[in-house]
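**Q** The chain contents come next:
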Amino acid sequence: MSGLKASAPFQHSGRNVAQLMQTLLYALLPGVFASLWFFGFGILINIAIAISFAVCAEAAMLRLRNRDIRSHLSDRSAFVTAILFAIAIPPGSPWWLVALGILFAIVIAKHLYGGLGQNPFNPAMCGYAMLLLAFPLEMTGWHIPNEVINGQLAVDSLGIPTSPEREFLNPLSWEGFKQALLLAFPFAASGATNVSEFVDGLAMATPLIEFKMAGKSAILAARESGASLFARDSETAWEIINIGYLFGGLFLLYKKIISWHIPLAIIATIFVLAALFYAPGSVTIYGTPYLHLLGSATMIGAFFIATDPVSAATTRPGKLVYGIIIGASIYSIRVWGSYLDSIAFAVLFGNFCAPILDQYCRPRMFGHGLSSKSRRNEEALEP
Amino acid sequence: MSALKQLASRFFGGNTVFARRTVGGIQPLPFKEHSLRSRIMSTPIPQQLTIPIGAEESGQISLLVGIGDQVRKYQRLAVISLHTDGRSDVPVHAPTSGVITSIENSIVADHSEQQQRCIGLAVDGHDEALQLEPHSDYSQLPSTDIVSLIRDAGIIGMGGAGFPAADKLSKCGDSAPEFLIINAAECEPYITADEALLRERAGKVVAGAKILKRASAAQRYIIAIEDTKPDAIAALQQALQDDTSPETPCELVLIPSKYPAGSERQLIQCVTGREIASGQHPTENGVVMHNVGTAYAVYEAIVEGKPCISRFTTLCGKALKTPKNFEALIGTAADFLFELCGIEANNKQMSIVGGSLMGNELTSDKAVICKTTNCLIAACASEIATSKPEQACIRCGFCADVCPSKLLPQQLLAFSRTTDTTQLIEHGLFDCIECGACDYVCPSHIPLVSTYKKSKKVIETRQQSLECSDYWQQRFQFRQYRIKKEKEQALSRKTDSSTKPARTAERTAKALSEAADFISKEQASRDIAAAVARVKARRDEKNK
Amino acid sequence: MLPLISHWLTQLVIGTSLLLITVFVLLQINRYLQQQLKTQKSLVTRINRALPQTQCGQCGHPGCLPYARSISLGEASNKCPPGGLETILELADLLNEPVRGLDPAHGQFRDFSVAVIREDECIGCTKCIQACPVDAILGGPKLMHTVIAPECTGCDLCVEPCPVDCIDMINHTAPSISHTTISHTTPLYFNTRKLLGASS
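Chains as they are written, first to last, in my numbering: chain A, 1 to 383; chain B, 384 to 927; chain C, 928 to 1127.
If you are wondering where the hints come from, they were derived from the structure by calculation, not from laboratory data.
Since this is a predicted model, take the numbers as computed values, not measurements.
Check before you lean on any hint, since a few could be wrong.
Straight-line C-alpha distance at most 25 Å; calculated PhoX-like pairs for lysine-lysine [as the list claims (entries may be wrong)]:
(1) B/Lys689 x B/Lys587
(2) A/Lys256 x B/Lys771
(3) C/Lys1054 x B/Lys867
(4) C/Lys1054 x B/Lys868
(5) C/Lys1054 x B/Lys919
(6) B/Lys731 x B/Lys701
(7) C/Lys1069 x B/Lys919
(8) B/Lys893 x B/Lys877
(9) B/Lys701 x B/Lys749
(10) B/Lys415 x B/Lys587
(11) B/Lys749 x A/Lys255
(12) C/Lys1069 x B/Lys870
(13) B/Lys689 x B/Lys554
(14) B/Lys749 x B/Lys704
(15) B/Lys867 x B/Lys839
(16) B/Lys749 x B/Lys731
(17) B/Lys771 x B/Lys837
(18) B/Lys893 x B/Lys867
(19) B/Lys837 x B/Lys789
(20) B/Lys893 x B/Lys870
(21) C/Lys1069 x B/Lys868
(22) B/Lys701 x B/Lys771
(23) B/Lys415 x B/Lys868
(24) B/Lys870 x C/Lys1054
(25) B/Lys771 x A/Lys255
(26) B/Lys877 x A/Lys256
(27) B/Lys789 x B/Lys840
Based on the sequences and whatever the hints tell you, model everything.
**A** Here it is in structure tokens:
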């Protein structure tokens, strides 16, 4: 009989996993740059710490599992997990927070379930949720250098202010970089330099401050008042960042890396729910749909985090239901729950539902499910 | 949409119609230009032909010649019967004259992986032919006659499946199908045999289509072709315009160029909008489909009286200096054809029979052309996608996006790993047409098609052994019944010895009638006689 | 919209409909499960289906169905050599038991083989015909005996009784009924329960 024969097909599209991950990283760039512009080097330092720990952890786990390190590392999935995780963590977090989270994500949420393709839960979100539950204070504070947010008065050698105007520190300057490093590695700080300021505790990683949510779009406000959209002291930061991630997401759609089902379902659900429950005068956090979509981390959640293929639902109708579940969860946890930034828990909740969605939300197969007259021979084989 | 259609008809002429979009599918690079540069060539007659006559599992082979016999061209060599009632007889004819040298197993260039029984023919070069009986005026023949002529010519589906053409036509006997579709949508890369045939002999193809329409009593007949074959389309339109017969004209439908649009069920849906239910045959839904090569063979069989002794095969691949299409005799060895194309042997990495997406590797270049070999590729290393190491499935879903049967390949893969039969069947494993589109797009380079083939085999084997055990259980229980009955009869015979003669007859009659309720004696004795005859025949066969 | 939604009537309507939907879904699930229970075959039938029906007696029982019955009553399920590993795995899965290796006291795994009689040496004694559990041997007293190969289960029971030892077990490809041998309209397919009455 035949020995070992090569099997069809003999042509391939040329796509591979490393390429997909690479394109994903490019798509993240606009949002990352926006965050860099408004909030300084914090995000880059987070990314650097996360990547280094992620790669080491992945290599160690691969060695422990007796797998070939080079071929598995080269599929860049560890990079993607690390970067998405680092973006979610507030900039200015201490290094050990980032390290702990990414170690949990890679070692426990990914490799202990079997490695790439086998994890039932989104690893980055597992890490984030673990940190949120274990270190609520550190995670709910938005560490931004005082000088960036409030500015400082220029003082002369005697400590007397020289001018009434406050100077805002450019977070992208060398001084800003040093401040960001100090935030990340607090053991390096000497003395009592008041490095950071906690923005209001409720605000956390994405300052969804109450009045912001009930108010108008900051971009429109800036246009009306004639201020620059990119001015650092305006409140347009989050909207610009989200628009950056939105562009990234649309780029992914264009490149056909992800399908439109999950993002559209999430965005539509949040939009509908926000519109349904919008109450301008109320004290609770019912904001306009626009602000729910662009004033928080929804865009990155919809396009980058919830679309992680391994843990998401895999059938097209299933993806729509998955998106609806996640969208509803994001809205409910944010509005009626105690976590303002609910993407992590919402995505994890969706991951729980994904297997049953795969089983029961299947598209109609070709030649099945036709009218009973033509269904005579469907039960040809007995299982 | 209708305005567009009108525009299309005005531009392309008459009955040209654009079909709707197909579902799923991929658009790989076609690699078709090279073999279309030249016209179809007839091959010089090789010195040795090895004519395949079918694997043993495919049916009974009745040999009509023996070793040492002198045969003439078009002479019947053997008949393959797929059913015991003589319905599906496929005769095999000698492609040229010569002497039979052997009847043994050989490698055949087809899609199965087994060897087939072949008749070796040493060609004498005279090409002495039998007298042919053409029927140029076929419009007078009744359709049953046409079907039996097609059957006698040994025509089987030339698109690759090899189903006897006469069978398909006689299946339409009860209810006349609404559509006859001639499948000219050669969507797989590298294969250009049908396109070349249409480019040069479109008139004969259209005539063949008309004969098939008559044979199947179809109401409409359509030729479906991809819209990226301009020469073939032009030739077809010319042939359709030249066709002046008063019957309903043939319709030409252009389908979007996507692989695998030419797959039977997908093409039927694309052209007619009908979706054939899984497990049903298209003829049960009023559609019958034949390949373009089959239509041409039918024309030759009826109008010229020539049985099927050759077919159009594409020879291509970068290891060949001059790739082209051949009209090759059945039984020609692959290396003979490679030589004719100027093969650079040290450049050739692999020989492939079929296209690049559904073909099989040829383990030996001595493999011979059979009636379903549509393409031989002499591939060099740069043409074959290097097999990358298989990575984990990341459930990206690209495979589900391109599957023409709308299956979920990622789920089928997961269930194949554990051979979860129930889930596999529920997810439609047996609807997979093994087109390879999922394999083509998989970023993790998982060999999906081989996995599904393996699972199908495992399930079929299990199904077979279940059938066997069911049957054995029945036989066992009948034996127990038989023994029990015999014991009862022996017992009652002992107690009733006085009225033996009359009682015996009565009892025998009673037992017979009882047994007749459950088993027909004549049927049993017929079955036994048939079994004995088969055992004898097989022994004779072996001793031959 | 908030005032509308927090109105007690809306809440009542939403709450009641959710409750009704839950009850409805639970009833459907219950109906489905009842249906499954009804159409499910008995345990003995399912165990019997997992056995290869070779009727060889290597398990110590006079056939596969008696063995299936005693398995359902607790006997070890690893006594069937012709079933191979598939049978052991399937039975372990069916009975929720750990997988055990084949009990060596009951034989060894072997490839499927069929019996072939060397006809030159056959004396026509019918001893093998009496031994065959599925009547796969054709013949009569003083007449040639032949094994009908598609019907032979490979049980090996005919080899020992033969006084001239003219039966060989030849390795064969996997068992399969050739469809030209058996047509499903043959009256050999019948209701065995009806025939054997209460003894079945």
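**Q** It remains to establish, for every hint, whether it holds in the given structure.
**A** Against the structure, the hints come out as follows:
1. B/Lys689 x B/Lys587: With a Cα-Cα distance of about 14 Å, the restraint between B/Lys689 and B/Lys587 holds, given a limit of 25 Å.
2. A/Lys256 x B/Lys771: holds, 22 Å
3. C/Lys1054 x B/Lys867: Between C/Lys1054 and B/Lys867 the Cα gap is close to 18 Å, so the pair holds against 25 Å.
4. C/Lys1054 x B/Lys868: holds, 20 Å
5. C/Lys1054 x B/Lys919: Holds, because 23 Å separates the two Cα atoms, which is no more than 25 Å.
6. B/Lys731 x B/Lys701: Since the Cα atoms of B/Lys731 and B/Lys701 sit roughly 8 Å apart, the hinted pair holds (cutoff 25 Å).
7. C/Lys1069 x B/Lys919: At roughly 19 Å apart (the allowed maximum being 25 Å), B/Lys919 and C/Lys1069 satisfy the hint.
8. B/Lys893 x B/Lys877: Answer holds: B/Lys893 to B/Lys877 is near 17 Å, not above 25 Å.
9. B/Lys701 x B/Lys749: The hint holds at about 20 Å.
10. B/Lys415 x B/Lys587: holds, 23 Å
11. B/Lys749 x A/Lys255: Measuring from Cα to Cα gives roughly 46 Å; hence the hint is violated.
12. C/Lys1069 x B/Lys870: holds, 23 Å
13. B/Lys689 x B/Lys554: It holds: about 24 Å lies between the C-alpha atoms, which stays within 25 Å.
14. B/Lys749 x B/Lys704: holds, 20 Å
15. B/Lys867 x B/Lys839: The hint is violated at about 42 Å.
16. B/Lys749 x B/Lys731: holds, 15 Å
17. B/Lys771 x B/Lys837: holds, 20 Å
18. B/Lys893 x B/Lys867: holds, 16 Å
19. B/Lys837 x B/Lys789: With a Cα-Cα distance of about 20 Å, the restraint between B/Lys837 and B/Lys789 holds, given a limit of 25 Å.
20. B/Lys893 x B/Lys870: holds, 15 Å
21. C/Lys1069 x B/Lys868: holds, 24 Å
22. B/Lys701 x B/Lys771: holds, 22 Å
23. B/Lys415 x B/Lys868: Measuring from Cα to Cα gives roughly 72 Å; hence the hint is violated.
24. B/Lys870 x C/Lys1054: holds, 18 Å
25. B/Lys771 x A/Lys255: holds, 23 Å
26. B/Lys877 x A/Lys256: violated, 87 Å
27. B/Lys789 x B/Lys840: Distance of about 22 Å is within 25 Å: holds.
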